[in-house]
Structures are given as C-alpha cells and as structure tokens.
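Protein chains in written order, with the UniProt record's numbering: chain U, 1 to 171; chain G, 1 to 171; chain D, 1 to 171.
Just so you know, the hints here were simulated from the structure itself, not pulled from any lab data. Everything numeric in this text was worked out from a predicted model, so none of it was measured. Treat the hints with care, since some could be wrong.
Note that identical chains are pooled: a pair holds if it fits in a single copy or bridges any two copies.
[Said to hold, decoys possible] With a cut-off of at most 20 Å between alpha-carbon atoms, the simulated SDA-like pairs for lysine to any residue come out as follows:
| hint | residue 1 | residue 2 |
| --- | --- | --- |
| 1 | Lys59 | Val114 |
| 2 | Lys59 | Val45 |
| 3 | Lys59 | Ile135 |
| 4 | Lys59 | Arg163 |
| 5 | Lys169 | Thr120 |
| 6 | Lys169 | Pro86 |
| 7 | Lys169 | Gly50 |
| 8 | Lys169 | Ile148 |
| 9 | Lys169 | Met1 |
| 10 | Lys59 | Thr48 |
| 11 | Lys169 | Thr123 |
| 12 | Lys169 | Val114 |
| 13 | Lys169 | Glu26 |
| 14 | Lys169 | Asp2 |
| 15 | Lys59 | Ala162 |
| 16 | Lys59 | Ala84 |
| 17 | Lys59 | Val71 |
| 18 | Lys169 | Leu20 |
| 19 | Lys59 | Ser87 |
| 20 | Lys59 | Asn83 |
| 21 | Lys169 | Pro35 |
| 22 | Lys59 | Trp165 |
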Amino acid sequence: MDYGGILLIAIVASITGGTLRNLFLEERPIWLAQPWYFLAILLAVLITIGLRITKPVGKVVLGLDTLGLAVATVSGVQFALDNAAPSYAALILGVLSAVAGGLLRDVLCQVEPVLLHRETIGTACAVGALVYVLIEPTALPNEIVALISGAVIILVRTISIARGWNLPKVK
Amino acid sequence: MDYGGILLIAIVASITGGTLRNLFLEERPIWLAQPWYFLAILLAVLITIGLRITKPVGKVVLGLDTLGLAVATVSGVQFALDNAAPSYAALILGVLSAVAGGLLRDVLCQVEPVLLHRETIGTACAVGALVYVLIEPTALPNEIVALISGAVIILVRTISIARGWNLPKVK
Amino acid sequence: MDYGGILLIAIVASITGGTLRNLFLEERPIWLAQPWYFLAILLAVLITIGLRITKPVGKVVLGLDTLGLAVATVSGVQFALDNAAPSYAALILGVLSAVAGGLLRDVLCQVEPVLLHRETIGTACAVGALVYVLIEPTALPNEIVALISGAVIILVRTISIARGWNLPKVK
Numbered sequence: 001m002d003y004g005g006i007l008l009i010a011i012v013a014s015i016t017g018g019t020l021r022n023l024f025l026e027e028r029p030i031w032l033a034q035p036w037y038f039l040a041i042l043l044a045v046l047i048t049i050g051l052r053i054t055k056p057v058g059k060v061v062l063g064l065d066t067l068g069l070a071v072a073t074v075s076g077v078q079f080a081l082d083n084a085a086p087s088y089a090a091l092i093l094g095v096l097s098a099v100a101g102g103l104l105r106d107v108l109c110q111v112e113p114v115l116l117h118r119e120t121i122g123t124a125c126a127v128g129a130l131v132y133v134l135i136e137p138t139a140l141p142n143e144i145v146a147l148i149s150g151a152v153i154i155l156v157r158t159i160s161i162a163r164g165w166n167l168p169k170v171k
Numbered sequence: 001m002d003y004g005g006i007l008l009i010a011i012v013a014s015i016t017g018g019t020l021r022n023l024f025l026e027e028r029p030i031w032l033a034q035p036w037y038f039l040a041i042l043l044a045v046l047i048t049i050g051l052r053i054t055k056p057v058g059k060v061v062l063g064l065d066t067l068g069l070a071v072a073t074v075s076g077v078q079f080a081l082d083n084a085a086p087s088y089a090a091l092i093l094g095v096l097s098a099v100a101g102g103l104l105r106d107v108l109c110q111v112e113p114v115l116l117h118r119e120t121i122g123t124a125c126a127v128g129a130l131v132y133v134l135i136e137p138t139a140l141p142n143e144i145v146a147l148i149s150g151a152v153i154i155l156v157r158t159i160s161i162a163r164g165w166n167l168p169k170v171k
Numbered sequence: 001m002d003y004g005g006i007l008l009i010a011i012v013a014s015i016t017g018g019t020l021r022n023l024f025l026e027e028r029p030i031w032l033a034q035p036w037y038f039l040a041i042l043l044a045v046l047i048t049i050g051l052r053i054t055k056p057v058g059k060v061v062l063g064l065d066t067l068g069l070a071v072a073t074v075s076g077v078q079f080a081l082d083n084a085a086p087s088y089a090a091l092i093l094g095v096l097s098a099v100a101g102g103l104l105r106d107v108l109c110q111v112e113p114v115l116l117h118r119e120t121i122g123t124a125c126a127v128g129a130l131v132y133v134l135i136e137p138t139a140l141p142n143e144i145v146a147l148i149s150g151a152v153i154i155l156v157r158t159i160s161i162a163r164g165w166n167l168p169k170v171k
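Only chain U is shown next, with the shape it has when bound in the complex (with noise of 0.2 Å):
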C-alpha cells in the first residue's frame, strides 16, 4: 500500500464511528467543523511512518489503542444521551463509534475483521457502555461517570488480553 492509501485508511479508521453515530442522529459529523480532527490524524501518520514504525503491534500500541477504544466509547454514549437517543440506543452508539472505523479499515485492507474473529473489543466497550448508561441516572457528576465506564472498557480489554480471553467460538 502506498503513502496515500496509509493515510486515507487512517482518516476512514479514525472517523468513520462518530461519523456514522453523528448520521444516524441527524447531525453533521464533527469532522466538518473542526480542522483539528485531520491535522491530529496526519500527525500520527507521519510519526508512524517516519519512525518507521512497522513492528508487530506491541505494549504501547495496544495501550494506546484501548484508551481510544474506551474515549470512543465513552464519548460516543454521551452524544447519544445528549442528542435524545435512549439508554439502549446510546449503547449501541457507543460501541458503534468505537467500532465501526477499525471494521471498515479492515475491510478495505482486506483482512479478516479483528472485531469478528478474535479479542474482545466489542465485548469490553459493550460492558462499559452498559455502565455508563446504568449509572448515568444516578446523582454522579458526569466526569465521574465517564471515568468510571471508561476504566471498565481498560480493564475489561486488559485483563481479556492477559489471560488470553476469547468469547466461545461456534463448534
């Protein structure tokens, strides 16, 4: 894969779960006003490439990776709530943002979904959405809120992987 196509599987990686949860709440995605969104998506291909970054994924990486799992999440259910969606509406959304964008890379990189076949990532947003939609309504300031559905999905994925965690396969 050349340059280019590094960097548009990026940007569609990185946008397409807010962008989706944003249509299907009948608002613009967030991209649109916000320029910030790009530069930030360019500055991580660059130092990826320019770093020459192409090891197997290691400790930082996956780290990094379920932090985004977990703010895409977090964020995604809060939107929801904000933009009249129900609780189980807005879990959905939750997992959708946090999911979507890895699903479609993966698909126009042609290989096997991640999300489908292996670890438990939808497993642990899924979790932490459910405990951000159940202890919303509860007198917890919203930061609370989010920090504790946000440490959930962290802990939920790390463990998972620790252990090597898998949910049961059909036989």
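Fit chains G and D to the given chain U structure using the hints.
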C-alpha cells in the same frame, strides 16, 4: 467467528437496509426509538445457537428469508412514498431496504456476495417494488397493494429457486 | 457476475460518492429527485454490454474515467462550499465524492482497491480540490475556477499514468 461476531453480523444484516433508507430520506433510523428491534434479533440469534442450527440452509429458513425480503421491500417502498419520494426512487429504496443488509453481511464475512453472483434476490424485490409503485396510484387500499406486491416477490423468488432460474451471466 | 449484479455495481459505483457527500452535509441524495441519474447509468450499462466491451480498459475508457473524476471532484467541492462547509472540509468532500464509489465497487467485487494500491487517483483529485479552494476566494468567476481545477486533475492523472508515477510505497 465467535458468538459476539455472530450477534454483530445478525444486527448488521437486519438493520442496514432500513437504516440506509431512512438516512437517504433524512429520517432517524427506526431502531433508535424501537428497542424491540434488537430484542427480536437477540432472540433469533439465541434460538439459532440454542438449536445448534449449523446445517446448510433448508426449506424453512429459505421460506422465512423470502418472506423477510418481501416484507422489507414492501415496507421500504411504502415508507419512501410516505416520505415524499417519487415512485422510481421508492422502487430503488424498497430494493435497497431488502438487499443492503445481506450484501454488507457477505462483505464482512469475506464471502462472495450472494446478491451479485447467484439467485434472483434483487430481481424478485425489484419486480415486487415495481408492481407496488404501478398499482399504488389506483383506488386499491394500501393493505391490498402491499399484499399483492409481497406475493409477487415470494412467487418470483420461489419459482426461480425451484426451476434454477438465474439472470444470464457475462460470458 | 450476472447482469443484475453488473447493474447494481454500476449504480453503487456511480452514486456512492455524491450520496455520502450529501448525507454528511445533511442534504438528500440528488438521485432521490433526479430520475435521469439512473437512466444515464442504465444506458451506460446497456452500451457496455451491447458492445461486449470486456477487453482490458483502454485509452478512451481511461480518459472518460479521468474526466469523470474531475467532474465529481469539482462539483463535490462546489456543492460542499455552497452548503456552508469550510474550505478544508470541502476539499475532503470533493475527493470523497470522486473516490468513494470506486472504493466500494472494488470491495463488493472482492478485488484489491485500486485507490489504495495503484495509480494516483486520490492524489490527482486532492491536488485539484486544493487548487479549487485556494483560487475560489479570488475574483475569478466560478466557471473558470471549476475549469482550472478540473484541468489540474486531468493533467496530474494523465501525466502520472503516462510516466508511471506512483506515490512511494512502504518498504
């Protein structure tokens, strides 16, 4: 594929067509306000896994699939007309409602899309949708228009499967 | 692939880019109100099949494809600016209008996406779109801005094909 992946594919296959139709018509997806949508999908996945239905698709499943195509097409055409789409666009949105989910399912599962290579799914839905927009301007009540169009879809698909009809392929 | 599949791929390749652009700008897809859109696609498919054009892509088709990219990019940028998108977003929406259809076509046909691996489709469109948003604020009439930007796209792609230019690939 693990159980989470199966649930995700079931959701994607079920809601993609109607979701796209609504986005194109500038309406919120129906599942955003209707939780029973997901309960029905979850139930269907649990039944399928519980009964360990992993045999090749049989007559009952094929019949249910054809019924689903008919319902999706007819309700898609109806919804489009109700939302100020012209007849030709309602025809296309009806077919889209019925076939988009299966197409995305096949892409995510990395198999050859059934829609593009085999069977007469698209043709059956297109013929039924055409019948709908042709007889809808008559004095016939909506229910009868829907029943006739749905019956046409079921007939075309059932006969074409029974007789092994296919659209001609490029030589 | 049967004739129905070919028609469907032709439709998807033609309308995806503009449809996404409109959804992101909260506008209805243009084909919802313009039936000639589908008539043109149908005519193109009939001509292609009628003439049994199954030879490898030749100079005429490549020229038409480049012209199509230029028209899609320029009209995409213009439409985005007309709908209150900032310049950087109009640039991205212009490129998206031009390349999304071909990308989805390749995914549905299960072939390696041309956009990501070969040629300079994306680069040519991005350069042309950049020229558009740079010279649009000047006193030049819109038609001239569109012609210059379109010519840039055609030039960049034609030269890069003639000279075998490619973006560098990751080693």
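Structure-based check of each hint:
| no. | hint | in the structure |
| --- | --- | --- |
| 1 | Lys59 / Val114 | within (17 Å within a copy, 33 Å between copies) |
| 2 | Lys59 / Val45 | within (19 Å within a copy, 35 Å between copies) |
| 3 | Lys59 / Ile135 | neither (31 Å within a copy, 46 Å between copies) |
| 4 | Lys59 / Arg163 | within (15 Å within a copy, 43 Å between copies) |
| 5 | Lys169 / Thr120 | within (12 Å within a copy, 32 Å between copies) |
| 6 | Lys169 / Pro86 | neither (31 Å within a copy, 46 Å between copies) |
| 7 | Lys169 / Gly50 | between (39 Å within a copy, 13 Å between copies) |
| 8 | Lys169 / Ile148 | neither (30 Å within a copy, 42 Å between copies) |
| 9 | Lys169 / Met1 | between (32 Å within a copy, 6 Å between copies) |
| 10 | Lys59 / Thr48 | within (15 Å within a copy, 38 Å between copies) |
| 11 | Lys169 / Thr123 | within (14 Å within a copy, 35 Å between copies) |
| 12 | Lys169 / Val114 | within (14 Å within a copy, 24 Å between copies) |
| 13 | Lys169 / Glu26 | neither (36 Å within a copy, 38 Å between copies) |
| 14 | Lys169 / Asp2 | between (35 Å within a copy, 4 Å between copies) |
| 15 | Lys59 / Ala162 | within (11 Å within a copy, 45 Å between copies) |
| 16 | Lys59 / Ala84 | neither (38 Å within a copy, 43 Å between copies) |
| 17 | Lys59 / Val71 | within (18 Å within a copy, 46 Å between copies) |
| 18 | Lys169 / Leu20 | neither (28 Å within a copy, 30 Å between copies) |
| 19 | Lys59 / Ser87 | neither (34 Å within a copy, 38 Å between copies) |
| 20 | Lys59 / Asn83 | neither (36 Å within a copy, 44 Å between copies) |
| 21 | Lys169 / Pro35 | neither (42 Å within a copy, 27 Å between copies) |
| 22 | Lys59 / Trp165 | within (17 Å within a copy, 37 Å between copies) |
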